[in-house]
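Peer 1: Residue numbers (this note's numbering): 51 to 323.
Please keep in mind that the hints were generated in silico from the structure rather than gathered at the bench. Given the structure is predicted, the values throughout are model-derived calculations rather than measurements. One or more hints might be untrue.
Below are the DSSO-like pairs computed for lysine-lysine, each with C-alpha atoms no more than 27 angstroms apart in a straight line [to be verified]: (1) Lys-156 x Lys-255; (2) Lys-302 x Lys-159; (3) Lys-267 x Lys-209; (4) Lys-247 x Lys-92; (5) Lys-159 x Lys-247; (6) Lys-98 x Lys-255; (7) Lys-304 x Lys-255; (8) Lys-130 x Lys-302.
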Amino acid sequence: MQTKLTSLLITTLLSFNVMGAIDILSTSTQRFKPNRFTCARKGICSLKQFALTTYDKRITLPSDQRYQPFYSTDVRMRVKTKTLSTLTDYGVVQYIRGCMFESYLKDGKLIRMMNISRTHFGEGRTFNHSGWEIDSDSSDPVYTAWEDYGRFSLYRWNKNPRSLEPQGSTYYVRELPPHPTVFATDMPGPASYTYNKYDQLWHAKNASLEFQTCLFKIADLPDLTDPTGSNIDKSKALKCFNWELKKVYNFKAKQFESSSKIDPFCQQQNESR
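Let the sequences and hints guide you as you build the complete structure.
Peer 2: This is the structure:
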C-alpha cells in the first residue's frame, strides 16, 4: 500500500503546526540472507539481503487542539543483490488482513462505522480485508508496480546505499540506481482522534491491520492476479516478514490501545451499541 496520501497528510499538518513532533516509539529490523550452501540449488545466489524495518511512530500536533496524537507504522522494505542486472530477478508481494474503521460516542452510545475507503486492484472499496489479500492498487501483485510504468517503478534509492530515508530519494522509474540496493516504503493509517466541527463530536479513526511482506523470485509471480492471489504459490516465497498496525481507541480509558488480535468489528457490518 504505497501511502502517498498518508505521507502528504502528515507533511501538510506538520507544515502548519511548526511545534509538531514525530516520536519513534520503537523500531525493529528483520533480515534474510540466502544460505550460501543451498542458494545455487534454489537459484537465488544473486540475492544478498532482503530486510524489513519498522518504525512505530506517534505524531503530535500540540499547537492545534482539534487533534490528539496520531499513530502509524512507517516501513522500509529493502532488497540488495550482487549486481544491478539481478535486482529485477526478485519481486516483493505484500499481503494484508484487517480493517480501518471510524468510531465515536453519541448520547452515551458507541457508534462504529466501516466507512473508510481505499483503492484496491484499480477500484475503490471499503478498507476491510476479512482474510489475507494482496495489498496492491492494481492487478499486478508486485508491490512496487506502477501501472503502465513497470513492476519495479516504485522502488527508491539513495546515493548512500545504507540510507533508507525517503526524503531526497530517487524513484527507480525516474533513474536507475548506481548500486544494487533499493527500498520501498509503506505507512498505513494513521490512527487518529480528531474533533469534528460538523457534529461537534470527537471521532476516532482506528487501525487493526496485519501485514506479510514477502520476497519471491520474479519468475514465480504472474503478471496479473486477483485480490486473493489465487494463482500465486505462497509456499514459493523466499521469505515473509510479519508486521502490524493495531491502534483502536478506548473511549472509557480515553486512549488508543493495542491488541494481539484483529478487532472483531473487522468481521462485522456497521453497528451501534
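Peer 1: It remains to establish, for every hint, whether it holds in the given structure.
Peer 2: Results for each hint:
At most 27 angstroms may separate the alpha-carbon atoms for a hinted pair to count; Lys-156 and Lys-255 meet this at roughly 16 angstroms. Distance hint between Lys-302 and Lys-159 is fulfilled; the C-alpha atoms sit about 12 angstroms from each other, no more than 27 angstroms. Restraint check: the Cα-Cα separation between Lys-267 and Lys-209 comes to about 26 angstroms, which is no more than 27 angstroms; the hinted pair holds. Distance hint between Lys-247 and Lys-92 is unfulfilled; the C-alpha atoms sit about 58 angstroms from each other, more than 27 angstroms.
Distance restraint check for Lys-159 and Lys-247: the Cα-Cα separation of roughly 19 angstroms lies within the 27 angstroms cut-off, and the hinted pair is therefore satisfied. A C-alpha spacing of about 39 angstroms is found between Lys-98 and Lys-255, which places the hinted pair above 27 angstroms, so the restraint is violated. Restraint check for Lys-304 and Lys-255: the C-alpha separation of about 14 angstroms stays at or below 27 angstroms, so the hint holds. Under the criterion of a C-alpha separation no larger than 27 angstroms, the hint pairing Lys-130 with Lys-302 is inconsistent with the structure, at around 47 angstroms.
Going down the numbered hints, you'll see the structure goes against 4, 6 and 8, while the others check out.
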